[in-house]
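Novice: Please model the entire structure based on the sequences and the hints provided.
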Amino acid sequence: DGGITQSPKYLFRKEGQNVTLSCEQNLNHDAMYWYRQDPGQGLRLIYYSQIVNDFQKGDIAEGYSVSREKKESFPLTVTSAQKNPTAFYLCASSPWTGAHSYEQYFGPGTRLTVT
Amino acid sequence: AQSVTQLGSHVSVSEGALVLLRCNYSSSVPPYLFWYVQYPNQGLQLLLKYTSAATLVKGINGFEAEFKKSETSFHLTKPSAHMSDAAEYFCAVTLDPNTGKLIFGQGTTLQVKP
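These protein sequence lines are chains H and S, in that order.
Using the working numbering, the first residue of the first sequence is number 185, and each one after it goes up by one.
Using the working numbering, the first residue of the second sequence is number 275, and each one after it goes up by one.
Hints are computed from structural coordinates only; laboratory data are not their basis.
Everything hinted at is true.
Result set (DSSO-like, lysine-lysine): computed pairs, CA atoms no more than 27 Å apart in a straight line:
| hint | chain 1 | residue 1 | chain 2 | residue 2 |
| --- | --- | --- | --- | --- |
| 1 | H | 193 | H | 254 |
| 2 | H | 241 | S | 323 |
| 3 | H | 241 | H | 267 |
| 4 | S | 332 | S | 342 |
| 5 | S | 323 | H | 255 |
Specialist: Now the structure itself:
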């Protein structure tokens, strides 16, 4: 089945440690996105990538980093510089072709807790 | 600038009653509009989308939405609520069709009472 996988589902880390969240898709989508979700704040865009080896900052990129070495993979690293990293993180992909805006498809999410 | 406003962070209906979730948008370009549903601790699932074709859009699970340009609205409706509809619903609008970026509303939690 085609889809987006995120692992792990739950992640616990100590303050000051970097942590990498995995996102893989087998939908052959060009574009991928990372969002952060906090209660009552909707979804906020962290980073996005429209093509391999290229990515752009979203609205809240500080304290995060990404890579896009393969079309199907878009890992997110939450660094120790992120002041409040505890949140639910969602990865999405879209068959964006540059000519039209298509809907985004979401993974199941990773809940990160930093203590 | 593009923006999305969902009126009402919580909506409660009785099972079998009409569901109406409100979404108003602001967009400087012809918008693409979406409704997503999220169940607890899960990702978002696309319910329906408007991409400049028919103004009345039918989606999954009996939901539909009507695009009204004059009112800049894209309200989500379902004639008869089911207990399984209890979830959080997000309206989204294309921020920039050249990038595929979306802006999401704050979300509306739908409670369905037996």
